[in-house]
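A.B. asks: Chain by chain, the residues:
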Amino acid sequence: MSFIRNAWYVANWAHDLQDEPLAQTILGENVVLWRGADGDVRAAEDVCPHRFLPLSKGRIAGNDLQCGYHGLIFDGHGQCVGAPTQAAPPDCKIREYPVHENMGMVWIWMGDPALADTNDIYDLPEYHWKDWGAAFGDALDVEANYLLLCDNLCDPTHVNYVHPSTLGNPDEINAPVTFEDTSWGVLTERLTPNSAPTGFVAAFGNHDGKVDMWQRYLMYTPSVSIIDFGATAAGTGSWQEGGEGRIQVYSCHFMTPITETRTIDRWLHVRNFQSDDPSVGESISEQFRIAFAEDKDILQAVQAEETRHEGRPKIGLDLDASAGLFRLKINRLLRAETSAQAAE
Amino acid sequence: MSFIRNAWYVANWAHDLQDEPLAQTILGENVVLWRGADGDVRAAEDVCPHRFLPLSKGRIAGNDLQCGYHGLIFDGHGQCVGAPTQAAPPDCKIREYPVHENMGMVWIWMGDPALADTNDIYDLPEYHWKDWGAAFGDALDVEANYLLLCDNLCDPTHVNYVHPSTLGNPDEINAPVTFEDTSWGVLTERLTPNSAPTGFVAAFGNHDGKVDMWQRYLMYTPSVSIIDFGATAAGTGSWQEGGEGRIQVYSCHFMTPITETRTIDRWLHVRNFQSDDPSVGESISEQFRIAFAEDKDILQAVQAEETRHEGRPKIGLDLDASAGLFRLKINRLLRAETSAQAAE
Amino acid sequence: MSFIRNAWYVANWAHDLQDEPLAQTILGENVVLWRGADGDVRAAEDVCPHRFLPLSKGRIAGNDLQCGYHGLIFDGHGQCVGAPTQAAPPDCKIREYPVHENMGMVWIWMGDPALADTNDIYDLPEYHWKDWGAAFGDALDVEANYLLLCDNLCDPTHVNYVHPSTLGNPDEINAPVTFEDTSWGVLTERLTPNSAPTGFVAAFGNHDGKVDMWQRYLMYTPSVSIIDFGATAAGTGSWQEGGEGRIQVYSCHFMTPITETRTIDRWLHVRNFQSDDPSVGESISEQFRIAFAEDKDILQAVQAEETRHEGRPKIGLDLDASAGLFRLKINRLLRAETSAQAAE
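Chains as they are written, first to last, in numbering that gives the first Met the number 0: chain A, 0 to 343; chain B, 0 to 343; chain C, 0 to 343.
Just so you know, the hints here were simulated from the structure itself, not pulled from any lab data.
Among the hints, a few may not be true.
The list treats identical chains as one, so a pair stands whether inside a single copy or across any two.
The calculated lysine-lysine pairs, modelled on DSSO-like cross-linking and capped at a C-alpha distance of 27 Å, are [claimed, not checked]:
no.	residue 1	residue 2
1	Lys295	Lys56
2	Lys295	Lys209
3	Lys209	Lys56
4	Lys328	Lys209
5	Lys313	Lys56
6	Lys209	Lys129
7	Lys328	Lys313
8	Lys56	Lys129
9	Lys129	Lys295
10	Lys295	Lys328
11	Lys313	Lys92
In isolation and in its complexed conformation, chain A is listed as follows:
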């Protein structure tokens, strides 16, 4: 499988790690995560090297993990540190994975542990701000390659066809889409000035007249997507700041490739309004749930057909340019990783 390995991916919600070890497949590898008695999360290859029983079928023992077949004990670096059925433990070690918690999630580094730097983990400042409200969504399990999800998250034009009854807005069909290459990925924008409010803006904003709306799709390599969208009363501000009746939401997708044809998309959102009313967060989540299920249906069908039509050339459209740039950047990173490994 060809995935970028020297990167931080979301392994799970932090609150799902309690008293039991948790099995997870990430980039095609079986990983076991557990929270030690000291409260820290650890991760290792999910296999006991004796009989290959997954360690996730065992139990947490202090800060370590004990195999459920013959009791071998492994620490957070994958080192075997105990074997109760015999005098001394065997000299063996399994793969360790650096992990770190941020934004209510456990992040995991799938590449060379020596290169892991927790400063590289994605962070959205507004998530931590007191006057903004964050709400967790779901772990959407999609039978599609993560790049098909990335394509979708670089592409505002699909909204009117995939989400006609939820997020679509006929006024936006002719709004120009622009995109640009950035240090962290690709930014795709669609500004809709002086327009009637879309359903979402009408539902959560408080606007009698026309509004200036923005949709900004920030697609970070390898697989974090932030959709910044909002509105102000027409002519009173900008997407950057100010404006009367400003409402703004960050819809955040943290995509973890499970296999070449399966991705878990953990999503949450952060808003600048009614931040202390959880029912507003849940109400936004309900809207998103409908829309993301529509995307999932489309993307799974596309994945199935890609396999079926392997090798068949596709027709290009103008709207592909932004997603195409993102895939180009992913390929460059993959090549760089491969070259670095070869040079070692």
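Following the hints, position chains B and C against chain A.
C.D. replies: Structure of chains B and C alone, referenced to chain A:
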């Protein structure tokens, strides 16, 4: 896959085509069928050439079909005629399939469109006659190659072993089976003169004494089977005409190969008695449902074992001759098609 | 597949063979078993050589079996002896399998019929004794190679980790395990003298003080396991005989390889106490059911990971020695069978 392509197959019941496009796999190809605003049915390859989303996940737009991902529009000849996200549609075309309605079904031509002639579509005149009654059955989904179904429909001898409690008749075991090569396929006959009525004849006919019964299996290439069976009071007529208390039923099977190991058998029947009483039609269907489920069970088991015992020679019996002739004719047609393609 | 063929395996419980033929896969081969009108069980290849319909879909006819498609009849030696659709039956024969009943089970010989000797069938004398009580358990269907089950049944050390709440006993962790090579397989023993009673001994025995306990794992090639365990008041007897308050149970596993990765483990048990109270037998079975489900869970996970990690070397532990010897003996038998075939 080796199927006869230059032939008309049943794609679906006509009444199942309403407001939504319908996906269908036929001869291993994914096809989308839809009924345009003008009432005509159309068919095309079920794939948008942009991202490979099946067009059946889109929507009908007038007489055309619109993709559910980015709104590309295709006409009934598979030509792309619209692309709302950009100035001009891309120059692209997908495969079209000629279709035509007859006998309450949509027929599809899977080969070269230039060779499609709707006069070649199978028709049973009695289906259209006012004093005969037609009743639709089911779409029986069988996990077996269509030729295993054809074998079965050339073979009256299986009836006493597969359907002992429904269609079987101990008197028929020793009735001679004859068959002949015809221009359209193979005709297999079993005449049972001067016999006690079978359960079916007893249930639907009105005979105190002996009857002359007939079973005529008309197996048309590539995959239409008509079983003509009936009875008259003994010595008063023939299968061709006349006879006291004559009852006659055409049991019709329209088999569509889905894959090498799956077939949909859409069946209906036409009778010369109580033609205006739908409950009689349903009552006949109920009998058939039991019997066809028994066939399905046997044929699926045979298919599974054919795969398991691939390459193992089979023992031949006298009863194989009729089905063997039909398979020979199928192979000749396949070779003729292959030669014609090579000569192009 | 590499299985020992010249051996008796359990094909089914004897009481499951009544009026209907029974399909069974054994060592990857499809077998049909049936009980003739004379009460004797017969077995043959589960395929009619005409169309490959499994004969298990047919019916018993006297002592023979009749195919459910066209009525061919086969006797208990696999010889075709009837074909009602034609004058004479075809000259054909399918494979026969010697079978024999013992201990409430039907045993089948999967190798050369000429070598089958019913004296080689495993027998536990106590099963037949009047003052001992036997109780049948279940047919445990495990998605794992039978040797993974054998490993488990040569290994007392797993008990404290896999069955901590049922069979486990902290006192046993440090009890020494010994094993020896025998003419019939491998014997692994753990004696726990002068110990507090385990849960099982406490529940079914009647001991106020300390006990001498034994666990003796008799693993017979290719796949019969007898676990002889019990207890007496400390210092009053031995596992061989005598002792105050002696309770003894034989837990018997008859493992039939279905495929390389699936095994059916039919189990029963025989006890020296309360032999005429079936509720005691059922009560013991309930305990075993919980424990064997725990083993199944572990062994299926190990099988799945073996496939995943194919070719990866395993870490060895001291406890592997007994199971390792059993596998060595199995390999020797396999090689001997292969050499004998080559020499023919």
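A.B. asks: Against each hint, give a clear statement of whether it holds in the structure.
C.D. replies: Okay, the hints, checked on the actual structure:
Taking identical chains as interchangeable, the C-alpha atoms of lysine 295 and lysine 56 lie at most 27 Å apart only when they sit on different chains, with a minimum of 13 Å there against 31 Å within one chain. For the homomeric pair lysine 295 and lysine 209, neither the shortest alpha-carbon distance inside one copy (32 Å) nor that between copies (64 Å) is at most 27 Å. Proximity of lysine 209 and lysine 56 under a CA criterion of 27 Å is satisfied in neither setting, with 58 Å inside one chain copy and 34 Å between copies. Proximity of lysine 328 to lysine 209 under the C-alpha cut-off of 27 Å is found in neither arrangement, the shortest distances being 38 Å within a copy and 72 Å between copies.
Taking identical chains as interchangeable, the C-alpha atoms of lysine 313 and lysine 56 lie at most 27 Å apart only when they sit on different chains, with a minimum of 18 Å there against 45 Å within one chain. Proximity of lysine 209 to lysine 129 under the C-alpha cut-off of 27 Å is found in neither arrangement, the shortest distances being 30 Å within a copy and 65 Å between copies. Only within a single protomer do lysine 328 and lysine 313 lie at most 27 Å apart by alpha-carbon distance; the minimum there is 20 Å, versus 40 Å between protomers. Taking the shortest Cα distances, lysine 56 and lysine 129 never come within 27 Å of each other, neither inside one copy (40 Å) nor across copies (43 Å).
Taking the closest pair of Cα atoms, lysine 129 and lysine 295 never come within 27 Å of each other, the shortest separation being 33 Å inside a single copy and 51 Å across copies. When the C-alpha separation of lysine 295 and lysine 328 is checked against a cutoff of 27 Å, the pair qualifies only within one copy, where the shortest distance is 24 Å, while the shortest distance between copies is 47 Å. Taking the shortest Cα distances, lysine 313 and lysine 92 sit within 27 Å of each other only across copies (12 Å), while inside one copy they are farther apart (46 Å).
Hint check: violations occur at hints 2, 3, 4, 6, 8, 9; the rest are consistent with the structure.
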